[in-house]
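K.L.:
Residue numbers (our numbering), protein chains in the order written: chain A, 18 to 275; chain B, 2 to 664.
Keep in mind the hints are simulated off the structure, nothing from the lab. Computed from a prediction, not measured in an experiment: that's the story for all the values here. Note that the Cβ used here is the ideal one computed from N, Cα and C, for glycine as well. It is possible that part of the hints are untrue.
If the Cβ cut is set under 8 Å, some of the chain B residues that face chain A in the computed set are [as the list claims (entries may be wrong)]:
id : residue
1  : E344
2  : A348
3  : M466
4  : P467
5  : K469
6  : E585
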Amino acid sequence: MIFSYYPGCTLKTKAKELDAYARRSAEALGITLSELPEWQCCGGVYTTAEDEIATKLSSVRALMEAKKEGHALVTLCSACHNVIKQTQYALNTDDDMAFKVGNYMQCDARAEADTKVIHYLELLRDIVGFDELKKNVKNPLTGKKIAAYYGCLLLRPSSAMQFDNPENPKIMEDFIRAIGATPVIYPMRNECCGGYITAEDPAMAKKNSTAVWESAKDFDADYIITACPLCRYNLIKSESPLPVIYFTELLAEALDVK
Amino acid sequence: MQKIGVFVCHCGTNIAGTVDVKAVAEALSHEPGVVFAADYPYMCSESGQNLIKDAIREHGLTGVVICSCSPRMHETTFRKAAASAGLNSYMVEIANIREQCSWIHKDMKTATEKAVILGRAAIAKVALNTPLTASETPVTKRALVIGGGIAGIQTALDIADAGFEVDIVEKEPTIGGKMAQIDKTFPTLDCAACILTPKMVDCAQNEKIHIYAYSEVESVKGFVGNFTVGIKKKARYVDETKCTGCGLCTEKCPMKKTPNLFNLGLDTRSAIYIPFAQAVPKVATIDADYCNMLKNGRCGVCSKVCTAGAIDYHQQDEHIEEKYGAIVVATGFNPIKLDNFDEYAYAQSPDVVTSLELERLMNAAGPNGGTLLRPSDKTHPHTIVFVQCVGSRDTSGCGKPYCSKICCMYTAKHAMLIRDKYPDTEVYVFYIDVRTPGKNFDEFYRRAVEEYGVHYIKGMVGKVMPQKNGKLLVRASDLLAGEQLKIEADMVVLAAAIEPDKTARSLATMLTASMDTNDFFTEAHPKLRPVESPTAGIFLSGVCQGPKDIPETVAQASAAAAKVIGLLVKDKLKSNPCIAHANETLCNGCSSCERVCPYGAITYVDKEFRMPDRTTKIRRVASVNAAVCQGCGACTVACPSGAMDLSGFSNQQIMAEVDAICR
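Okay, chain B solo, but in the shape it has when bound (with noise of 0.2 Å):
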């Protein structure tokens, strides 16, 4: 005989706002089995949980059905709390009557006429659970971090401080990242380089940490604590065992019309190349699409020169597997393509640039050694227009309707130091408004303004027009004094929204790791689990989850490291006990469950089975891997004679909720 305990949250005004609680749990306790029923503003607070307690003990209860908050929440803490009374915590359901009730309802009438319904699927359901016990599995002490920018380094630098081994595959010939690529930092204007590489030889010389650089992750299989990761070494030409970094390849290829992409193709570069003086590893790379000795077998200069025969021209992409406990997503960011935003003139033009192009134009190691010149004809500028928000909070469908959150800090940066450096210079920048919510963030932006005097105006740049003398017509309102203006300018500077790196959607799916629409990776609550992915053993890092900055990113990495660290120091993990299991007298064998599978979990046995008549016979059935496993459920919906069922999820279970809705 079930002895069944029905507990009816209020959440505060949460539920009790649009659904009458108490009427709820009277309702319920009519319902078969249920012995014990009662409502609590938050079953959630300890208070909430010792009734719960009290009353298992108490009524002795077989089943526990508590009407609150999505499962998401709260499940974990009500079967804890079950289990501390002495009952399987799987025999704990909820019955989701806030998400999926009071929230979405404003008529407390047909709200509560739902509720009810609700706990009684839940209580039909909880009548045939039966007790389950998660199994253990064991984890890999080892994590892997997908990107090498700074969110990558950081990540892996704490996560190796504490013992773990740890690998980064960095898609680039390098690791560094974008931070590689900017020239000075906000708001404290210390040079980015040398903050930043000294991490990287950290990376490098640290033996816990392995570089998979110029890698792709290809395939990724297992589930948290125990994944399998397939690792694509793209080949470079260059044996990175032998190479010294020395240089002499680069100097000597006659191929020096490669367009340098560290440089943003601001300039040239040979095509054997090192991406930057700091380059991590310090290996060089052959550039296939313009090495001649690669494309057509002529030429051969890099392997003359190479005293130490790094050289292979033969080299292939190799494959390699590796296991990992947890994985850290840190794929990091570009800036948009700006095919939509023909009326700032980028693609005519190219003393139209971007914020990004800027920063090397900036650089002392960029295609000026550091001074700021038109790249049209290398003439200093004397006027420069910043239009910020070029693609970000745009809800055309041209750009991105977010907040690329970065930009008005660096864009008040730019402006700063183009003032410092040549005062002669006149700086103007348009805004929507200008957001500066960070330490120090806002007094850095006043400076640019007061001590600078860079010309800050509210308003949109309409046009770009490049005239016949080689400058720029800019048209622009301002929206303070209702006018229009025309400033002549010698460059513009457009501050292009940022995106997820393009990498990110094929991972996220290999990952099963869900994303918004903007392709950022979901974190698993968006204020309580902010650096977790809502896949088991899946961590976030960076600017692939969400656009932020330098200290930001830094802290998050960190954040994730520190998760990454709890998973691993566990020796065995508690395994999902809701897997699927085959009826193996119902199984035809037909491979219909294996074919859905998406953890490739099912496999086919050949089994002797003792017939009727008294013979044997060999049949082949379908066996599920335990550990493999994620309870997704999809054999069961495929499986024709009904042999697939899920434990905690039978079809029983199923049909009896349906029935109950139903009633």
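Only chain A is shown next, with the shape it has when bound in the complex (with noise of 0.2 Å):
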């Protein structure tokens, strides 16, 4: 199966291991993601922050590259694919913005751009299938206990994302029974880290970041997966005791494929 690919800037520097091992794995799983021919930065989540059009227009961009290439597009680090969704759900739900988006593309913004939009998570989910990945798992993660770290990004707004149930989600940890791990339901998984409030503020995102992986030490996790790579700079510059890693690099030691 084909799928369209946005990596994303951070995949390409910072965390080029999250990339590396999202693409092993599907390989395993066959499931080819092929990288769209051209993209550019999402913007990060400030673009949804701004009430203007510009900053938008490279999602909106990467979606209508997806639709040209026939494919679903999927996502891997929780900003981009936070950033690419809300573009996507105001295009939908927003006439204003449609129209405006439509002048500058000089184009159906809303009809071009309606490319089915997936988290690799979600592509672990509905098309691969968690009983699927389970059946393929060669290297057991047995008796690991792993905190699942969703942050806001993934989850939130959820209107916007219909990515999980925001108060009380449930897709990590079903990946993590299903590579042979044991998860840790912890209070804060679903907290902030402090995202960028980092840049101005470190102390108040460190403190973000601590209450998070002190709630996921307190029930004796391992270690804290994450698909965010500001999510990791955040809980691992904040000293958490835990090792935090992405989930894809779970993913490929399950599958051998590391």
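Fit chain to chain and form the complex, with the hints in mind.
P.N.:
Dropping the structure here:
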């Protein structure tokens, strides 16, 4: 099965392993991730806070590019996924936005950007299926207690993301079970790490991130896994005593393609 | 020659504010057949009505058109006025120039034009009206109350007290409803069971009251005064007439792990059970989902120990049909499911409970014998956090947009009772607003704050986080102090919004009674007819109509009973003469009308017809049962040959109206 793939800038620089393990694992599962021939930075989550059109155009272009390729678009970085999904949601629900974007792009933006966007975890859940994934596991991570850290970008706003129950998600826990490990349910798993605040007010970000790993540690987790480079950055910066790794790394390990 | 009078009402400024009423009267005075046209500030007032009566007498009017409010409001008033002046009341037509004109338009010119058009249509119609006479139908002097909570109980007792037979249909094995599960009642703190159970016993002992417990309404046919209702008595596998309620079977039953629904699943009971000690009827019921004998034919202990021989594993659902003159809906409420409120960790921690669960936890007949203990480890809670408005006043789509009305008061009650019994327990209440409009209600709430030291904090709880040490970390905002709070609590109590019982929706369809978007039954008039449904003969009692507390429910229950009694004392009811009839020479017996009739009023008969060639022929033609037809007009639209017509709304009249509008 072929899917268009939008890696995003961070996956080409700071988070190369998130990308590499994802590609190898997908291959092992019989999925071809075909990177979009041309893509630009999603603009990061700042764009969603701005009431302007220009910053959202790179997401629109990615959506239109994938539509041209004729495949659903797979994303991996939480922030990219959030920005692309929110942009698409705004296009579909906000007539004014659709009109202005259409003017910029000289096309019917709503129709040409209606590509199905799925996160890599949704790919595992809905396309591959966790049961099928389980069958493909060669190296089950039995006995590992793993804390899934969702952060906020995958889950919220839930109307746009349609990813999982934002207050009590389970997709990552199901993923952890599929690769043979034991999920640790801890209350801070869907709280914000501090995000970009770290650039302006590092103390605030540190406070948030610390609360996350403390909660995971409290419930005896061995690792924290995440899909978000920014979450990982903040957790490590706040001196998490628990290793913080990308979920794709564990996936690759379980599939024996690490 | 028609002599039509036109009367244009100002309705104060309600109509005159946007419609030039004088211009309307003037314009309509030139319509064909109109011999009199006038306007008046309040046509419904006595002098307004006299104006109509005088004009009828003076000008010998044959038809009257009143341009005023909706016919729902005053059609009856004006029909009576016309009748008293000697004009057949069905020669009166209303042009609704208020709800359908002045209230929805802002521009005087457009509104006036539209009012004239509406008046013109009514004139065109009334010119074709024929005098109609209402026939009379007898009234079945028996009432049905659906739902056996405090609302249904009170209604039934009051109706029976007036000497009429009344049946209660209750879907649970016992009457009593939610009030039976409540521990204490606000603002007097008297024991709910102590004031409810005597009423339950009164119902059981009253000769006029028959209780169909563990039963459901299956079908409703007929109309006001003459309903036929199908009731399903669900199999309880126990012969009600033989069971003495001794409870031996419940002690001996080996299936002790059945969730106790009366205690909201907080503890377990046996598969054969009596919901609670004061149940009425006090008869055992077998829970078929858990009974070994019913599931796989192995056990039979209850049958062996029952000295009365009441156990009957082969009992089947029983279907009964009864006739009633009036039906009272008292189907009550349930707390909403908390699936959309995972931030409060209700599904994740047993120590997060709903307020109704707390009632059971504090009740002497509850799972802990009345001692408040944490469900998880049965220890004494030292800190309890209450969260109000869980799903109430919620426009996010997760909950209900309305205020559930009872939560502020019962939360104050819970907080006060806990502080009174366990002074070492700190109690926090998070609220959006505290709403206590009721007799002695605000005093009650202030006592909780001032005398009992309950910490009321304005703000909502953002998240409840179960901790490793078993505590619940509550994160909330204090809006008055502008601070974020973290409270480590032992228990969290959620004041879940209330919603109408799920069975109400299907019942409303059977009764053709209307509901609002929240599935509360709609009253005939929100202020003036609060206990009647717009469907004649259907009355509303209790929370099925909107959230209310016990005193209000009882008041409404008695009001509904008064309305029922007012109906049942009549020997005959005037029926609506605006009903369908078939023109037999045009009818070809195609059955189209029968298929669309929602009341089953149309049957077919074989009739002899004299043909033009002097032979006779037998043809199948439609026949309308005048007592059953409600005059909805569906058949007149469905009839392909135009044989069906509705008195008072004939095809000819409707077309005349349309022509007048399009002129």
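K.L.:
Each of the hints needs a verdict: does it hold here or not?
P.N.:
Hints and how they fare:
| no. | hint | verdict |
| --- | --- | --- |
| 1 | E344 | holds (4 Å) |
| 2 | A348 | holds (7 Å) |
| 3 | M466 | holds (3 Å) |
| 4 | P467 | holds (6 Å) |
| 5 | K469 | holds (5 Å) |
| 6 | E585 | violated (57 Å) |
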